[in-house]
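Given the coordinates of chain A, work out where chain H should sit on it, guided by the hints.
Residue numbers (the working numbering), protein chains in the order written: chain A, 1 to 273; chain H, 1 to 300.
Hints listed in this document are in silico derivations from the structure and should not be mistaken for laboratory results. A portion of the hints provided could be inaccurate.
As the list claims (entries may be wrong) - So, partial list: chain A residues that the calculated Cβ filter (under 7 Å) puts toward chain H:
1. 2
2. 3
3. 6
4. 14
5. 15
6. 92
7. 93
8. 96
9. 98
10. 100
11. 101
12. 102
13. 271
14. 273
Claimed, not checked - Covered by chain A, per the in silico footprint, the following chain H stretches (three or more residues, Cβ under 8 Å):
15. 46-54
16. 85-94
17. 140-148
18. 265-276
This structure is a prediction, so every number in the text was calculated from the model and none was measured. Where is the CB? At the ideal position from N, CA and C, for every residue including glycine.
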Amino acid sequence: MSRSFSAEIVKLVRRPSCWLLLGIALVTSLTFTYVLPYASIRSGTGGPNSDRTLPMLLPDQLVGNSLGGLPIFLGAIVLIIGVLVVGSEYGWDTWKTVLSQGPSRLEVYAGKVLALAAAALVVVLAVFAVGAVAGTLIAVTESQPVRWPSIDDLLAGVGAGWLIAVTWTMLGVVLAVAMRSVALPVGLGLVWMLAVQNLLAGVAAPLLDWVAQVQKGLPGPNAGSLVAALGAPRDTPGVAVVVGAGQAVLVLAVYLIAFVLLAALLLRRRDIG
Amino acid sequence: MEPSVQTEALSKRYGGRTVVRDLHLIVRPGEVYGFLGPNGAGKTTTLRMLLGLVRPSAGTVRLFGRPPGAGRLADVGALIEGPAFYPYLSGRDNLRVLARHAGVGMDRVALVLDLVHLADRADDRYAGYSLGMKQRLGVAAALLRDPRLLVLDEPTNGLDPAGMADMRQLIRRLGAGGRTVLVASHLLGEVEQICDRVGVIAGGRLVAEGSIAQLRGAVGLWVLADPLDAAVAHARTLVGTERVRVVGGGLELSVAPERAAWLNTELVTAGVAVRELRPRERDLEQVFFDLVEKGTADVA
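Isolated chain A (complex conformation) (with noise of 0.2 Å):
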């Protein structure tokens, strides 16, 4: 299995894709919970964030800030990388080609999570570090006092978005598996993560009680929820308490094994081309 993980790592470490969705993430990141807050409050206009106020975008406020984006926009690129990494082998037909080679299906497939999970916790580390990079310079320039979160609130932070991130890149790995391609899955996640997601939330849940009932059980709301327990801001997509941190992060783990399992199941029964 080490051999496959090096093998995937050097993968999505030469893929130019991989580091244009990195950098979309960072930008989006830094553009809607920085950047734009910010030039709202230097010119006091209104606008979507207008509920944000200086103290909130300061480097103490850091960890709320970075897993703001995680549930829908930063969720939806990290989905995209774990379909590109699966789904490519079946639109390049390189299963063969890799499997030929000797490693077993299985073999192959925990390379490609584990490079995975390494990869959405390097997106996390970054939509961290660029976040604490704007914080600082925000706080200087305000004349501020630069103050972080605790050491636990920052592992707890990284951790949460760490498990939030895996989960929806291994959405992607289990479409990307199912229907064996690239563009259909990547289509129907992002139609989940940003319409769906939002109809149920924003218009079906407040309608039906059962609706609401059953977001409890959803990836999206509790990803939301889980953020918002660690301070992300409220009025940010996505973000809204719905369960409490505790259940949040159990219904995430338990979609995260079921999605881990379920591609392999899949990959395993299925013939190669």
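Chain H alone, transformed into the frame defined by chain A:
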């Protein structure tokens, strides 16, 4: 010695369609075996089953006597249904990634690139390779683990004539080193040039197996003699009228080729000058079409 490849009653069905049926195949160590059949005959599906990419619906596969499971492909290299690599990596980096999966040293990468004459373009991106270069990279990947069995599916597909000749030469060279090579192809000439033994598959069934000479078979004798009329008359008294046909100034005799010496003596004794006497072979292409037609008709 265990066969390099052995299948027993191997079958594959997709829904109600059977694409490989009851296939008994044996490839001996050290031989270059041609797996010949028209497009859609079941060649690639069979090869995919050998490699564990496709699960058989019935039957068994053994490679070097080993049943399916971990380590079965330890001595196997394969290029199945065209080369497939990561387009954003160079040829060399593609092989490096595969070498990691295979657990072989990076020194093998340079070695196999040299072997397929791709070393000077190895650092170009795969996406920019010509079809011939892609095919050669595919063969290089198949050779990474220095396998005892090399499985090549249509290795000359899409190559220009020079590329095809190069590829055939390479396959012959690889086979000459004691390695077993299993080449699937729909090209008669290709198989004839490089293979020691041939199996013909049609409609998912192995319809014939043997050397090219055995497949052609010797169906009679061809005689050029003077005077022709005397030769025809005497031949008809010797073997029967219905077994002698005059074709293009010569005689086609439907008799066993082993009787050539006897026939020669008889004709000469009768005062006929024999200018040419040789076994009459069937045209390989015709043999192939006959076998395929028969196999397809049997399945239908």
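These are the hints, each one checked on the structure:
no.	hint	verdict
1	2	9 Å, violated
2	3	5 Å, holds
3	6	5 Å, holds
4	14	6 Å, holds
5	15	6 Å, holds
6	92	6 Å, holds
7	93	4 Å, holds
8	96	5 Å, holds
9	98	5 Å, holds
10	100	4 Å, holds
11	101	4 Å, holds
12	102	5 Å, holds
13	271	4 Å, holds
14	273	6 Å, holds
15	46-54	holds (count 5)
16	85-94	holds (count 6)
17	140-148	holds (count 4)
18	265-276	violated (count 0)
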